[in-house]
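K.L.:
Heads up: the sequence lines are chains S and A, in that order.
Under numbering that gives the first Met the number 0, the first residue of the first sequence is numbered 0, with each subsequent residue one higher.
Under numbering that gives the first Met the number 0, the first residue of the second sequence is numbered 0, with each subsequent residue one higher.
Derived from the structure by calculation, the hints contain no laboratory data.
Fair warning: there could be bad hints in the mix.
Claimed, not checked - Using C-beta positions, here's what the derived DEER-type ranges look like:
(1) S:Leu140 <-> A:Glu245: 19 to 27 Å
(2) S:Phe16 <-> A:Glu380: 38 to 46 Å
(3) S:Ile25 <-> A:Asn98: 39 to 47 Å
(4) S:Leu140 <-> A:Pro440: 57 to 65 Å
Said to hold, decoys possible - Computed cross-link-like contacts, DSS-like style, restricted to lysine-lysine with a CA-CA straight-line distance of at most 27 Å:
(5) A:Lys300 <-> A:Lys374
(6) A:Lys335 <-> A:Lys350
(7) A:Lys115 <-> S:Lys57
(8) S:Lys57 <-> A:Lys386
(9) A:Lys26 <-> A:Lys251
(10) A:Lys418 <-> A:Lys384
Computed from a predicted structure; not experimentally measured.
Idealized CB from N, CA, C, for every residue including glycine.
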Amino acid sequence: MISYIIRRIGQSIVVLFVVSFLCFGIFQFLGDPVLTLAGRYATQEQQELVRRSLGLDKPFYVQYAIFIRNALHGNFGLSYTSQVPVMRMILERFPASFELALVAMFIALTLGITLGVVSSLRPRSPLSRAIMAGSLLGISLPTFLVGILLILIFSVWLRVLPPFGRGEVVRIVGRWRSGLLALDGLRHLILPAITLGLYQLAVLLRLTRGGMLEALAEDYTRTAWAKGLPQRAVIFKHALRNVLIPVVTMAGLQMGELIGFSIVTESIFQWPGMGNLLLTAIYESDHPIIVAYVMLMAGLILFINLAVDILYGILNPKIRYD
Amino acid sequence: MKGRVAWILIGLLVAILGSASILGMAKDTLVVAVMAPPRTMNPHGSDADANLQIMANIFDGLLQRDADGNLLPALATSWERVDALTWRFHLRQGVKFHNGNDFTWEDVKFSLERLKEPYPVSEFLAFGAAIAEVRPVDGDPWTIDIVTTEPVPWFVQNLHQIFIMDKESTETRSIGEIGEYPIGTGPYKFVEWVKGSYLKLEANEDYWGGPPPIKYVVFKPITESSTRVAALISGEVDLIQDVPVELFDMVKSSPNAEIITRPSRRSIWLGLRNSPGFPGSDVRVRKAIYMAINEDEIIEKVMMGHAFPCSQIPDPPTVGYDASIERLPYDPEEAKRLLAEAGYPDGFTIKLTGPNDRYVQDEQIAQAIATQLAKVGIRVELDVKPKAVYFPELDEHGLDFYLLGWFDGSYDFGRSFTKLLHTVDPERGYGGLNGASYSDPVLDKLLEASSSIVDPTLRADALRLLNRVAMQEKIAVIPLHYQEDTYALYKPSNVQFRPRPDGWIVCKDISFGG
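Based on the provided sequences and hints, a complete structural model is requested.
P.N.:
And the structure:
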């Protein structure tokens, strides 16, 4: 087990290096930050001056080596446009993205499992069919459309929920502000969290339903029915409990994605999270932010994967890592 | 069963949260939704209008512009051009920065010299480089001369966007701090900036021009245009910038929203290579392309009526604008004849490059032009791409035919010309955005002749002549249209707002009516 973990960490480091090289390489060719930073009327000479002060006149491999050296010291550089350490900028935005992902995952898990169980009990009933049709919509509707539709219905027509932003937030520590502790903050969370969580909801729903259909047909469930156990005990204690392992694994894996890839949702709802920061950085060719963001997300997803794998081994002793 | 409970809970939650939504309170805060978040609070750190318009609320320049684009006094009470190189300013006395420091001539000197510092301080490098000296006249600290290194005829035209900073607090703070906490002399004081969410400002009760009518202003960036419109219609914000063409009718049909428009300063036009051997070197071909484009159709079908045909690059308030220039008529038959005469009876193939995320309907305009030119036999290969890729290409001057939009922040066609159409000359910083290496010695001479004229009226005449020759005789570019600036107001807030030519939201000129 220990040697497995060490090996996995080793692999993760290699992956991080490859990711850093790829994104560093790609973003070198996506827009020249000097053009905007020197101003619209700058002469070529002045542009070169700016290029030198950014260190962008150095050959690619030198720039990359400097980047790696600094990154190993935990320094991902300063943003070109705002002159603030990029890690600070990204982490400042982390609470917003994290809370959004948390609430989205909460919605996806509770509704997904509940509806999955409901639709598995009487798979042919109209309610089950409606739920399945709805889940198909959840999987196939683009996030963009869902967001806009929700805004249209709840903000423009019904006028019950705000269309954008985080609303009132409460400062917890330092720069960590939370919207979970204020009524206004919660109201602002609802639409974006549904938008972000809808796809995951549909996936978890289908996973639960599939697992439940299988589990309900198993011998041990039939034995439980035969013993005369109450319905509640059979469904929740015997069937659902076995189904939950893959569902929770899936949810864990998706958590990283919810934090890292909420860019579309964040941009529709003007959610001040990391995805929004990334988008602005891409528009402005602010490469240090882009690279640091991608690295951070790669690290986060690798970490979650590893954690899920290890937990899986602990939860299910039948699994052996060699 | 459990599902039902969950639904009931959610229903309750929505009901509770919804009921808490609208609380009546006295209106002392103006909420403005802008298209782009401010990049920095360093007033020289970005020359983008998205940033400058916010700086204009916190800082003052030596001069300012009113809602018609006229140049007015600000930190300077009057000014004159002493000779070709020297500009004299009389400074306003008794002005204080938001931190209590007095405004003096040393702040002016410091701020102007700061412009020369390249990254990370200034995006006004070229302007800063032209300043040789700032000095008081005859020991009077309230009268200063600014001396330029070469004649800069449009020098004062730019001073509304060169903001004056406090020397003491700027020197003692790091550039990161300066970029997050601004200290100016302007009508509004900085309160808080939560990046990506909002920027809050408070009225400066001691403002030299009198306290502004509205106590608090909150700028919220909402980049997604449909969300911005939704925020307005639902009353979350009082004023939004830029209503997209496709949502225009939706806003109009809402009883709570009011649309305000005015022609934008920005013109959209096509640049065309004229190097020897290229079809565009023949002015008949240039005319043919011009006459084959049906601008009325573009405005009606692509811009949905929200644009105004233009016959030149500059807009009316710009020095060098000439109202007598007219568009060539739309005449595909004549275009075909001209092409045949120029030796292209069967047309030719040409690549049209343009951005797809920069101007209103930019990609669709390019497509419409390709279709229209096909009718006279010119086969257009479309090459549209994101601006982050397009603009660096433009900077390499290797395009054949390209779509660009332009307005001059300093209201001077001479300056625009050096950047857009003057023969590429990196040494002097000329032709930086001349995407197709357009070059015409006659036009270059006309421009150079205009630069040495000190008298503003004579110089304006010279620039009008340059503009006429470029547009009527040489067809230096093919003009399409001016965009339209659109704003929407939330009616119940009763905001009194008049759009400016530069599109800036200057809050001291905004009030709640009634």
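K.L.:
All hints, please: hold or fail.
P.N.:
Hint check:
no. : hint                              : verdict
1   : S:Leu140 <-> A:Glu245: 19 to 27 Å : 20 Å, holds
2   : S:Phe16 <-> A:Glu380: 38 to 46 Å  : 41 Å, holds
3   : S:Ile25 <-> A:Asn98: 39 to 47 Å   : 44 Å, holds
4   : S:Leu140 <-> A:Pro440: 57 to 65 Å : 60 Å, holds
5   : A:Lys300 <-> A:Lys374             : 17 Å, holds
6   : A:Lys335 <-> A:Lys350             : 19 Å, holds
7   : A:Lys115 <-> S:Lys57              : 23 Å, holds
8   : S:Lys57 <-> A:Lys386              : 25 Å, holds
9   : A:Lys26 <-> A:Lys251              : 24 Å, holds
10  : A:Lys418 <-> A:Lys384             : 22 Å, holds
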